[in-house]
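Asks: Chains A and B are the protein sequences, given in the same order.
Taken in order, the first sequence gives residues 172 to 428; the numbers are from the working numbering.
Taken in order, the second sequence gives residues 186 to 375; the numbers are from the working numbering.
Careful: at least some of the hints might be erroneous.
[Unchecked claim] Within a straight-line C-alpha distance of at most 16 Å, the following computed EDC-like cross-link-like pairs (lysine to aspartate or glutamate) qualify: (1) K389(A) x D338(A); (2) K370(B) x D218(A); (3) K370(B) x D186(A); (4) K370(B) x E185(A).
[As the list claims (entries may be wrong)] Partial list, derived from the structure: chain B residues whose beta carbon lies under 10 Å from chain A: (5) C230; (6) W252; (7) D259; (8) S283; (9) V334; (10) Y344.
[Unchecked claim] Pair ranges (Cβ atoms, derived): (11) I355(B) x R397(A): 31 to 37 Å; (12) S283(B) x L375(A): 35 to 41 Å; (13) P292(B) x A235(A): 19 to 25 Å; (14) G413(A) x K368(B): 48 to 54 Å.
No lab work stands behind these hints, which were simulated from the structure alone.
Just so you know, even glycine gets a beta-carbon here, dropped at the ideal spot from N, CA and C.
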Amino acid sequence: MNTPSLPIDQMPPEDDVLAGEYVLGVLDTAQRRAVESRIAREPAFADEVAGWEQGFMALAAQIAPVPVPDYVWARIGSALGFGPSPRSVVAAERGPFWNSLGFWRWLGVGGFVTAAVCLLALLNSVRMPDTAPAPPVVVAPPIPTPVPMASTLARDDGRPGFVATVDQRSGRMTITPLDPVVEPGRVQELWLIPADGTPRSLGLVSAERAQSAQVPEKWLALLDARAILAITLEPPGGGPGGNPSGPVTAKGSIAML
Amino acid sequence: MPVPRFADTSDHDEPGQLLLATANGDRVAFERLYRSTSPRLFGVCMRIIPQRAEAEDVLQEVFTNVWRKATQFDPARASGLTWLTMMARNRAIDHIRSGRASRQSVPIDLAEELVDAAPDAQGAAEAMLEGHRLDVCLGELEVPRQQLVRTAFFEGITYEELAQRSGTPIGTVKSWIRRSLVKLKACLER
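Produce the complete structure using the sequences and hints provided.
Replies: Listed below in C-alpha cells is the structure:
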C-alpha cells in the first residue's frame, strides 16, 4: 500500500481501479487501447477486468431490451456471406461510392436499381390502366426527369419488395410492388425516414398495383441519400397516431440517378 | 429433479453454450444466439448511441465479430451473456469515441433522486445472481457519486464529458469515480 502524496485524481490509478475505469467506460480511446493490450498480455490484469465486468452486469441487466428490426439479421448474414444470394457480397465489395453509402451493404441489391427502374417503367406501361386517373410517369430514357431518385425497398431476405421513384422537382413519387410481404387484415404503409430518424408517413400503398402520390413539399428536402424508405404492416387505416407500429417488411435507401 | 438454478455455471449458461457451438462454425447455434440475445445487446447499444441507425450498425458489427471471434470466448472467465454484453458496450463506446456519433448533451443532475429502472425478468434474475451485490454496494455511495457511476456506465462517456455535463471540475469527477471504484471493490469482496 503506498500512501499517495498527490490527490487521487492526479495519481496514476492502481491496476484494479484502472480496470474498473475501463469497464465503467470513462477512458479515452488511447487509454482504452493501452488497457486492451494489457488485457491480452497480463492474465492477472485480465482477471481484474473480468471481475469488474461481472460486477457491472448488475447495471447492464437493468437496461430494457429493445426489439431489433428483422433486417439487421439479414445484414449480418450478408456481411458474413451467409445469404442465399451471393450477389449481396459482390454488391458490398463495390467501389467507394457504394461503401460510402453504407446502406447498400445490407440492401444487397445495389446492382438491381437500374434493372429495377427499367422494370418499373415496364410495369408502369403494363399496369398504367389500373392507376388511372394518375398522371403518366416518365421514367424511361432518353429524356431524363429532373433530379430523379430511385429506391429499391428490399425485404428481409434481400429480395426487392417495392421499387419507388421520385421526381424531386414535382414531388411526385411512384411506388410499385414487386414482391411485397402481405398479411391478411393488415395494410402496407410507406414511411420516409430521413437523417433525423423520425418516420413520416407517406400513406398507405397497394400491394397489387403501382401508385403515384404527391410527397408533401415540406418533406421534399428530406429526400436524400441519407434518408430511407420503409414499408410496415399496419392495422387498416395505418399506424396508430401516425407512427409505425408493425414490422418493417421492406426498406431501402435512396439513390440519385 | 435438479433444483432449478440460475447460477452462472457453464452447464446452465445458454448463451455460453451457443457461443461454444458458434466457435465451431455452427450457424444454427449462432442464429439462436442472435435471436435470444440481440434485443438485450441492442438495448445496451441504444443507451450509449441514441441514434437508432448507428446503434443498428454497431449491433451488426458486434454480431459479425461474435461469429469471427467466438473462439476467444472463455467460459471460465465470463458467462456468455457477460462476454456478449461487454463486447457490445466496448463497440458502442469506441463508436461514440470515434466522433462519428453526435453527442448527448443532457445535463447530469447529481442531486437527482435515483429512479430505479424496473429490470425485466431475465435481467432481474441476472442481477440477483451476478450482481445484486453491486446494487447494494452502489447504494452505500453518496447520491452524487452513485449518479456519476451510473451515468458513466449507462452512457459510456469520458471523464471530460462527465465533468462538463455535471458542471463539476474534472479533478473532482475523477477522484469521486476512483474513490467510488475503490469502495465498490472493497464492498464486492466483503
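Asks: Sort out which numbered hints this structure fails and list those numbers smallest first.
Replies: Of the numbered hints given earlier, the structure breaks none, since each of them holds.
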